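Undergrad: Throw the hints in and build the complete structure from the sequences for me.
Per my numbering, the sequence shown runs over residues 305 to 708.
Quick caveat, the hints were computed from the structure, so don't treat them as lab data. Quick caveat: nothing in here was measured; it's all calculated off a predicted structure. Mixed in with the good hints, there may be bad ones.
[Unchecked claim] Quick list of simulated restraints, FRET-style, between CB atoms:
# : residue 1 : residue 2 : range
1 : SER394    : THR550    : 47 to 55 Å
2 : VAL514    : THR603    : 17 to 25 Å
3 : LYS611    : ASP401    : 38 to 46 Å
4 : SER446    : LYS544    : 53 to 61 Å
5 : ARG542    : ASN593    : 26 to 34 Å
[What the hints assert, rightly or not] Derived pair list, reagent style DSS-like, types lysine-lysine, alpha-carbon separation capped at 27 Å:
# : residue 1 : residue 2
6 : LYS611    : LYS688
7 : LYS544    : LYS688
8 : LYS611    : LYS544
Even glycine gets a Cβ: it sits at the ideal position worked out from N, Cα and C.
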Amino acid sequence: MVHHTIRTSSKPAPNASSKISHMRRLLYVIAMGGIVGMLMSCASRMAQSPTSLPVPSGLPSPSVPSGSVAQALPKPAEPGISVSVPVSWSDLPGWRDAPLDPVWGVLLRNCERPTEAVMSLCADVRRLSIADDAQRRQWMESRLQPHRLQAESGASEGLLTAYYEPVFDASRERSPGYEVPLYAPPPELASGSSRTPWFTREEIDTRADVRARLRPLAWLSDPVDALVLHIQGSGRLRFKEANGSTTEVGIRYAASNNQPYRSVGRALLDARELTDASWPGIQVWFVRNPVRAQSFMWTNPRYVFFKEAPIAEPELGPPGAQGVPLTAMRSIAVDPRSVPYGSLMWLHTRGTDLQLSQLVLAQDTGSAIVGAVRADLFAGTGAKAGALAGRIKQPLWLWVLKPR
305 MVHHTIRTSS KPAPNASSKI SHMRRLLYVI AMGGIVGMLM SCASRMAQSP
355 TSLPVPSGLP SPSVPSGSVA QALPKPAEPG ISVSVPVSWS DLPGWRDAPL
405 DPVWGVLLRN CERPTEAVMS LCADVRRLSI ADDAQRRQWM ESRLQPHRLQ
455 AESGASEGLL TAYYEPVFDA SRERSPGYEV PLYAPPPELA SGSSRTPWFT
505 REEIDTRADV RARLRPLAWL SDPVDALVLH IQGSGRLRFK EANGSTTEVG
555 IRYAASNNQP YRSVGRALLD ARELTDASWP GIQVWFVRNP VRAQSFMWTN
605 PRYVFFKEAP IAEPELGPPG AQGVPLTAMR SIAVDPRSVP YGSLMWLHTR
655 GTDLQLSQLV LAQDTGSAIV GAVRADLFAG TGAKAGALAG RIKQPLWLWV
705 LKPR
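TA: Shown next, in the form of structure tokens:
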């Protein structure tokens, strides 16, 4: 589960930055592309809800599916945080041309932990695993009813952002170059059920008596990397073993200090430290101000504790809130008050860096993912996925595919 969405977002220990030369850090940050940029994205996503924009013109409308049975559309769902309006399959941009084979394995995994939204479909999903696209499309059109998702105001356009699973080099022991800790939760927070505020980020970083109560899981080289993990909530760590081999392990959200989240990017803007609010501008500010960067990180009192987890399937992402491993470009995080976990959905978006019309599954959530037509697309694992995630902030249309 994405803890705050870097879900781009934007998904520190003292002195680590000051030990790295200016030029080396500048080159490093530029190479990493969109990572710290997620600070700014997180700020905007936390504070902004989707706005109503004009429906795009000139989009190709697929023809009415051949051989489909004409059926009376059901009444719209009762309004809540969202309204779902029944529509025909011909209203889904790109549906007729979309290949189904690439997503069928995702549907099968979704049925390994089925929710009520899809439980009645899973027997057919398994049966159709050896079918061709024509058979699968015919089944979907006869078995599922598309519903356009919209806000109570009637706005059907929302906001798409993206997040990813970062990968960082780490050490199991504190050593020169690796002095930024990732902690396991203290005993009083280990169950994850406590809601009592614990020490703040600044107190954890600066008070020896607080740190003495914590057990480091790993040590990173850069406080910015740690901040990304704190916001993302999960990632992967690469350890170099004594024999020279490399071990990669998952690092997952275990608990927080129950303090409120505040955006570091927003703090920089409010302090007028930034005139360039672009992601590269934020990155360069951290590089040029390594000492002051720490104090701005402390403006976010929230702190995340982690646990190690094996990586069973390296090609998949971490488990989302549904408990199913995330699939790059097919799993989305949603507001569960609007869309139930496990739901099959049709996503349509057009932007400078991403144009998609395809099936996706609602398998995750995040505290910044709030609203009726709001989604965070899991972009994948590693720096390339992070660079893409850091650029995605664009209009979105969603349809929920409900069993008839």
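Undergrad: Each hint needs a verdict: does it hold in this structure or not?
TA: For each hint, the structure was consulted:
no.: 1; hint: SER394 to THR550: 47 to 55 Å; result: holds (51 Å)
no.: 2; hint: VAL514 to THR603: 17 to 25 Å; result: holds (18 Å)
no.: 3; hint: LYS611 to ASP401: 38 to 46 Å; result: holds (43 Å)
no.: 4; hint: SER446 to LYS544: 53 to 61 Å; result: holds (54 Å)
no.: 5; hint: ARG542 to ASN593: 26 to 34 Å; result: holds (28 Å)
no.: 6; hint: LYS611 to LYS688; result: holds (25 Å)
no.: 7; hint: LYS544 to LYS688; result: holds (22 Å)
no.: 8; hint: LYS611 to LYS544; result: holds (19 Å)
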